[in-house]
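Chemist: If you want the building blocks of each chain, they are given just below.
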Amino acid sequence: MFPSPEHKWSWKLSQRLTSDTDDAHKAIERLEFALHDAGWEGRDLFHVRMAVEEGLVNAIEHGNKRDPLKHVDLEFRVSREACFIRITDEGPGFCRSSLKSCLDDECLDKPRGRGVWLIEQFMSESAYNERGNQLTMLRKRNDPQLAIAED
Amino acid sequence: MSTKRRIVVVDDGPVSVVRFVDKKIVDSASIEQLGEELNSLVLVDNRNVLLLNFEGVEFMSSAALNKLISLHSKVKAAEGRLKLCNLRAEIKEVFTITRLDRVFDIRKTELDAIEAFKL
Numbered sequence: 001m002f003p004s005p006e007h008k009w010s011w012k013l014s015q016r017l018t019s020d021t022d023d024a025h026k027a028i029e030r031l032e033f034a035l036h037d038a039g040w041e042g043r044d045l046f047h048v049r050m051a052v053e054e055g056l057v058n059a060i061e062h063g064n065k066r067d068p069l070k071h072v073d074l075e076f077r078v079s080r081e082a083c084f085i086r087i088t089d090e091g092p093g094f095c096r097s098s099l100k101s102c103l104d105d106e107c108l109d110k111p112r113g114r115g116v117w118l119i120e121q122f123m124s125e126s127a128y129n130e131r132g133n134q135l136t137m138l139r140k141r142n143d144p145q146l147a148i149a150e151d
Numbered sequence: 152m153s154t155k156r157r158i159v160v161v162d163d164g165p166v167s168v169v170r171f172v173d174k175k176i177v178d179s180a181s182i183e184q185l186g187e188e189l190n191s192l193v194l195v196d197n198r199n200v201l202l203l204n205f206e207g208v209e210f211m212s213s214a215a216l217n218k219l220i221s222l223h224s225k226v227k228a229a230e231g232r233l234k235l236c237n238l239r240a241e242i243k244e245v246f247t248i249t250r251l252d253r254v255f256d257i258r259k260t261e262l263d264a265i266e267a268f269k270l
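Heads up: the protein sequence lines correspond to chains E and A, in order.
For reference, each letter of the first sequence is one residue, going 1 to 151 in our numbering.
For reference, each letter of the second sequence is one residue, going 152 to 270 in our numbering.
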């Protein structure tokens with residue numbers, strides 16, 4: 001996964017959270033400030049914001065089932081060129097391929113599966129570990145591959 | 152009329168124009184409350200011609216989208232009409248990417264939407 005191990009990050013945060021979305025939102029706010037300081041704005045900033053929100057809420061609600069004894073480990077790294085995010089929960093993991101597409105006509109009006117889809121569309125790269133309890137994502141700033149969706 | 156904390160409702164003729172109190176719709180308790188308030192517009196207040204005006208909304212998560220989908224089905228069941236307007240470009244892109252722009256009638260401005268209700 002880009003960037004190389006030598007990539008110079010201007011800001012890093014490693015934090016262990018309880019299964020509480022309030023703590024997660026405080027961490028996301030810190031990430032937003034760091035991205036802003038590194039020159040991120042508009043669509044780039046929004047995409048990272050969305051992916052990390054969905055990833056953390058999935059980890060807390062679906063991974064840890066809001067169990068107060070379980071934790072979520074997060075790792076954020078920011079530079080002018082890229083943003084790296086890793087989210088690990090203590091749940092049993094989930095199988096990406098078992099998730100039904102939220103784009104199927106019969107699922108369009110069902111409230112499921114959109115978070116994972118948005119992560120995949122808004123990030124340059126994203127992958128789960130084998131167990132399915134760790135999400136690693138990378139977003140390049142001004143990534144030309146992430147063209148604006150047509151109306 | 153049920154009390155609303157997460158939304159403000161103003162009538163424009165037969166159309167109930169709904170605006171959102173929060174700039175960022177992410178907090179899970181607020182999203183639950185928002186969902187209840189939106190549904191109560193149809194189920195308690197018997198309003199079924201609704202325009203959701205997203206002016207000022209900077210961010211919303213998929214959990215908030217789910218509440219809009221729930222409202223959509225309530226309005227449909229009541230044989231009402233629902234439109235959305237004033238979505239900032241990034242939020243509009245979320246609707247496009249998830250194909251929810253096929254489920255919701257999205258208009259640029261409040262005026263466009265009010266005119267479209269007259270058709």
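Just so you know, the hints here were simulated from the structure itself, not pulled from any lab data.
Among the hints, a few may not be true.
[What the hints assert, rightly or not] Dumping the calculated PhoX-like pairs for lysine-lysine here, alpha-carbon to alpha-carbon at most 20 angstroms:
#1 E:K26 to A:K175
#2 A:K259 to E:K110
#3 E:K70 to E:K26
#4 A:K269 to A:K227
#5 A:K227 to A:K174
#6 A:K174 to A:K155
#7 A:K243 to A:K269
#8 A:K225 to E:K26
#9 E:K110 to A:K269
#10 E:K12 to E:K110
#11 A:K155 to E:K110
If you're wondering where the values come from, they're calculated on a predicted model, not measured in any experiment.
Chemist: It remains to establish, for every hint, whether it holds in the given structure.
Modeler: Against the structure, the hints:
1. E:K26 to A:K175: Roughly 13 angstroms between the alpha carbons, so the hint for E:K26 and A:K175 holds.
2. A:K259 to E:K110: violated (25 angstroms)
3. E:K70 to E:K26: holds (18 angstroms)
4. A:K269 to A:K227: holds (18 angstroms)
5. A:K227 to A:K174: violated (27 angstroms)
6. A:K174 to A:K155: holds (16 angstroms)
7. A:K243 to A:K269: violated (24 angstroms)
8. A:K225 to E:K26: Measuring from Cα to Cα gives roughly 34 angstroms; hence the hint is violated.
9. E:K110 to A:K269: violated (29 angstroms)
10. E:K12 to E:K110: violated (37 angstroms)
11. A:K155 to E:K110: violated (25 angstroms)
Of the numbered hints listed earlier, those contradicted by the structure are 2, 5, 7, 8, 9, 10 and 11.
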